[in-house]
Amino acid sequence: MNVLIPSQLRDYTGGRAHVEARGATLAGLLADLERRYPGIRFRMIDEQDAIRRHIRIFVNQQQARDLGAALAANDEVVIVGALSGG
Amino acid sequence: MPKAKTANGTPRPASGPVTLLVGTRKGAFFIRSDRARRSWTLAGPHFLGNIVNHPPAFPKAAPGEKGLSVEHVFWLTPGHSSEPGAWYAGVSPPGLFRSDDGGVTWEGVSGFNANPMRIVWIGGEQEQGPPGGATLHSINVDPRDPRHLYIGISVGGAFESSDRGETWRPLNQGVAADFLPVKDPEYGHDVHCMRLHPLAPDRLYQQNHCGMYRLDRPGERWERMGNAMPKAIGDIGFPLVLHPRDPDTLWVFPMDGGTVWPRVSPDGKPAAYVSRDGGRNWRRQDKGLPAKQGWFTVKRQAMCADARDPVGVYFGTTSGEVWMSASEGERWTSIARHLPEIYSVEVAGR
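Taken in sequence, the protein lines are chains A and B.
Quick note on my numbering: the first sequence kicks off at 1 and runs consecutively.
Quick note on my numbering: the second sequence kicks off at 1 and runs consecutively.
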């Protein structure tokens, strides 16, 4: 599925805003992103598997609250990161 | 007052240009000098807005339990000289981590992080500590023994381990904690900066939220060396800098610790204070600094010394200025301005 990466994490994706990744759940998708772009998951998810407070993840425009959210192959995932400075 | 006992031979002064590493809220800068330390060149920023890739992390909590999450890495200290590649990291919320591969991977020091007393020492996870959050810092490794460690926590106090961090004991006797309701508490103090002199490892200095202290081990009771500071200036501040070859010489940079704690130079007149006798007497050093309306704030990691002779002393302000003295504080010169908020200033390869 298509995943939109926020600008502050595009160093991990070679500058690409849109990337392809797979997963039956949000946890699976993030694991796949981590395999493709090592280090990117910890920037979004803390060591207790909580979504970091400055990160929002939307699946088909609905906010996902935890990593157990189910995903389908055609879902659109948008990751948004808060930037400092308003 | 006895002179500090020197455990090792005094190192020769360094020579050649100095490279300053300046850590800011928005990235890292280098400032390089010529041989005479008269001319300085700024380069950077590096890592603008970026975060390192393999930071320390607390272990995942068991199901149903609440685990800790590293908010940020606050402090880094190289390990003992016999352990190349070893580093310690202090994080917020207060936690201690160790790397044995130069910082590529990190392991929690469970003797502290999982210590049942940790939560008691730091006053609960809700304790906010300083504005950036409660944090573990001032990691000091005894140059005679890699197992012997000291740490400072804001808030929590000073702690000592003799077994590489497996067990810890509070080391706060004599230190004021006048923000606590308890008189002479065993822990809960607010260490701002604590440094052990590598040439006299039984000598510890501490800049605390409640004054400046000195401790000569195996003594247990800190002595308030800040009592010798002028009353109008007080003994509140953040950094504390040691002379690389004289354990009795140190610098501080006092802040206004008045009723509302503005944390700026008292009366808008910035100055360092130096002691040449282990904190018994202090002398003001303000030549070259603004004579008035200079409202500097200098954070605990934003002041340092080089190893030249005479020693160069450096500090950075939260308003993005870097100042240096090539004369051990006798005269100050501005070497960089308009940087982002400065968190740390360190001499490379001292």
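For the record, the hints were derived by calculation from the structure and aren't laboratory data.
Computed from a predicted structure; not experimentally measured.
Backbone N, C-alpha and C define an ideal beta-carbon position, used for all residues, glycine too.
Mixed in with the good hints there might be a few duds.
Some, not all, of what chain B presents toward chain A, calculated at C-beta under 8 angstroms [what the hints assert, rightly or not]:
(1) Ala57
(2) Lys60
(3) Ser69
(4) Gly103
(5) Gly257
(6) Trp261
We went through each hint and held it up to the structure:
The restraint placing B/Ala57 at the interface with chain A holds, with a minimum CB-CB distance near 4 angstroms, inside the 8 angstroms limit. For B/Lys60, the interface hint holds, since its Cβ comes within 8 angstroms of a Cβ in chain A; the closest pair sits about 6 angstroms apart. At about 4 angstroms, the closest approach between the beta carbon of B/Ser69 and any beta carbon in chain A falls short of 8 angstroms, and the interface hint on this residue holds. Taken as an interface hint, B/Gly103 does not check out: its beta carbon lies about 14 angstroms from the nearest beta carbon of chain A, beyond 8 angstroms.
For B/Gly257, the interface hint is violated, since its Cβ never comes within 8 angstroms of a Cβ in chain A; the closest pair sits about 29 angstroms apart. Given the 8 angstroms rule on beta carbons, the hint for B/Trp261 is violated: about 25 angstroms separates it from the nearest Cβ of chain A.
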